[in-house]
Amino acid sequence: MTANLRRRKIYSGLFEALCALAVIVALIPLAMILFYVVKEGFGALNVDFFTHMPKPVGESGGGMANAIAGTLILICIAAAFAVPVGCLCGIHLSEYPGTKFSSIVRFSADVLNGVPSIVVGIFAYGILVLPVKRFSAIAGGVALGLLMIPIVVRTTEELLRLVPGGLREGALALGATRGRAVFSVIVPAALPGILTGILVALARVAGETAPLLFTAFNNRFWSTSLTQPIASLTVQVFTYAISPYDDWHRQAWAGAFLLVMMILALSILARLAVRRLERMNRS
Amino acid sequence: MTRSSDDRSFRIGTGAFAALVLLIVAGIAFELTRQSTLSIAKFGLKFWTTKVWDPVSGDFGALPFIWGTLYSAILALLIATPIALGIAIFISELSPRVLRQPLAYLTELLAAIPSIVYGLWGIFVLVPIVRKIEIAMGAKPALGVGMMAAALILAVMVIPFTSSVAREILKNVPATQREAAYALGATRWEAIKVAIGFGRTGIIGAVMLGFGRALGETMAVTMVIGNSPQISASLFKPQYTMAAVIANEFTEAADELYLHALIEIGLLLFIITVGVNLLSRLLIWSTKRRAVTAVVMPMVAAEEVPA
Amino acid sequence: MTSALMTSSLTTDVTRESPSPPRFLAGEKVAKPDEGAALAQSETKISVRDFDFFYGTAKVLHGISLEIPARKVTALIGPSGCGKSTFIRSINRMNDIITDARGKGTILIDGQDVYGSNTDVVELRRRVGMVFQKSNPFPKSIYDNVAYGLRIGGMRNKRQLDDIIERSLTRAALWHEVKDRLHASALALSGGQQQRLCIARALAVDPEILLMDEPASALDPIATSKIEELIYELKDNYTIVIVTHNMQQAARVSDRTAFFMLGRVVEYAETNTIFMNPKEKMTEDYVTGRFG
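Chains as they are written, first to last, in the numbering used here: chain A, 12 to 294; chain B, 171 to 477; chain C, 720 to 1011.
Looking at chain A on its own, in the form it has when it is part of the complex (with noise of 0.2 Å):
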């Protein structure tokens, strides 16, 4: 072997060696992140944690039950808003793909998806809380609606798209008009990816906080009215965790511990709602 090909040989080997040091170096943060959580937070979990409210400042106990119904509230406007806009704007996408319109609103979407979410916030806090002078829990489940949309008209566009054209022509050779033929034919087809986007939109915006600052902002008592100021589990822990007192900081770790179990929840759903209705579709 000449010099040259030892050398080169050996940066290749080398060069080789540090990608595969990368992702060591990259799972040492993921490990350490999901250990503390899993340490602070689930030895801070007990039953007071589901079922107490907030003590005042400086009291220890208490818990996040609030909180815990907040987010899921809040998760629920998200989706009820989300969910009809970005499906049927994603059905349009699809129906009309080479328009001028739907590359614009296509762009639109990209664009919107590149949003930080706290400017999201700001919108919502403009249309939603200033002309009422009031946080409520529909401003921040709107915020959040609106962060998922992007997803959601994405998904739906390309599972859509995915669908073979035979299923529907034969739907509107029967005589189906053309609504009928997508809502009756071809959305079932694509249903599981499309609300394999859905469930994974949702894992997103549950981890939110930034723009529930101030829309939903915050409530200390037991609230599930849409028009009140709701607690979150996100704002809760991030309140707790900036806070000088240590109860707070466990709890904080509860909090987070919930947080990842709930996304992590949401995304074996989103796994097992594909596989189910694969088999329902295929039988």
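Treat the hints as calculated values from the structure; they're not laboratory data.
Just so we're clear, the structure is a prediction, and the values are computed from it rather than from any experiment.
Label pairs and their computed distance ranges (CB to CB):
#: 1; chain 1: A; residue 1: His63; chain 2: B; residue 2: Arg181; range: 51 to 57 Å
#: 2; chain 1: B; residue 1: Lys212; chain 2: A; residue 2: Ile35; range: 50 to 56 Å
#: 3; chain 1: B; residue 1: Ser456; chain 2: C; residue 2: Asn876; range: 31 to 37 Å
#: 4; chain 1: B; residue 1: Thr219; chain 2: C; residue 2: Asp881; range: 49 to 55 Å
Cross-link-like lysine-lysine pairs, in silico, DSSO-like; alpha carbons within 27 Å at most:
#: 5; chain 1: C; residue 1: Lys859; chain 2: B; residue 2: Lys458
#: 6; chain 1: C; residue 1: Lys877; chain 2: B; residue 2: Lys363
#: 7; chain 1: A; residue 1: Lys20; chain 2: B; residue 2: Lys363
Simulated coverage check for chain B against chain A, where a stretch passes if three residues somewhere in it have a Cβ under 8 Å from a Cβ of chain A:
#: 8; stretch: 250-259
#: 9; stretch: 347-361
Positions of the beta carbon are idealized from the N, C-alpha and C atoms, including for glycine.
Assemble chains B and C onto chain A, guided by the hints.
Positioned in the frame of chain A, the structure of chains B and C alone reads:
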């Protein structure tokens, strides 16, 4: 007749929702501008060059936040890009087949962790570590919070985005490119370099995507950066970013001017991140197109008649 | 038509001096072959004995045995999917990069085992060049494409590079068309020009053997005939093995032809014999177009 009117209402109906998406984006831009008029009117362009941020006297300047945002994002990029590319190369070219899916999944897990959880870990785990490092390096003051912690945490958050796009790009490089290199006697790394060269525009796009992400990140940064509006090249001093100041001071803004100043910062953030994201998409899309034409074109082109 | 090719293949060519020992043997000292090799050429360049090939558990090549002569064109014909490409890629071990693919048996180049433990794959591929079905120039300039193999081999001297690049492009019959735009992008060339560029690129590293996997199948007739002319000129200096779907092409261009069918060599003989006077019925059926 009935059928075509049904079809038309279908088109218009779904089109209305599509238009809503368009309106939302336009609405954001509009609303941000509308809600910052007081600040724009009072400070004009000086807003972007003034360092002073004094809510008490009503004197606002966004320079510290612009600095903090750009500085932290660029530092994060410098750390994250080689790691992300290394991961992308490892997963798509080097790793044994069985490891591919699990590694890809683990990398994406990094993206699924919410920002607030990163921030929590940042405050209680990363910052103490950084403080120890700072003390060891003899830095004064060694607070732990500051630019270094922010850059590190941003880097971790950015890695999965750049990495997964880069992986897609590498996957789309036609196999014949690598084969050509091998057939000429290239080592494995040399063949990988050829693939990277082919996809270089897209990889730059992937890096820009990470950049855009770092610019807009709020919670994790605000929890570790120290939130102090000073401009400094030092890694150890606490600083402030655009997103962080909005998150911290929005609900405290006592008067309208204050609020408008914050929202004007939001407007700038909006413009920058949208611009960076669009540029990145353009770059990624153009590489995907080239991968397709490289395979199709030679078959279509006719022979030139020599002079 | 074939007669002209026939006469040329019968003349023995002794103008090339005896080959230096193949450098791809890693560090091994090879004694100068004793058998009076000074002027006479060893007839066989590539010797294949009982070669099998597997993709996973599927056996795609069965007991291939061929003696491929030096500085002649050997064509491999046969219906698609019958293993011709797999076989040719085994010669320069391109199949190594496919997972789960392995060969069994012997392939000797100048008497040395391609799959032997002493053989360095990277060096092997420098000595055995390959041209692919779809031209695959790098997205670089014409100059950089041809220089690629030289540069990774460590050549930096600009004058040397210029020299070899001009020579390679000339040998590939492309020099006059591109000499004024060497730094233009290779992708701006037409399909046929790109393929000739790929040939020049392969020639630049001075291989002894050139493997061509359907080099003209993606090209129009004019480009194809240019490539065929090129092959005819190249065989004076290189051993060429060409896979082709196009029987007329094989008849025009090659000295010997092997007919592959379902992973086996059905018949292997002088091209003329294969096309005018085949021994096997299957060969006859194929070349007369009864199936394909």
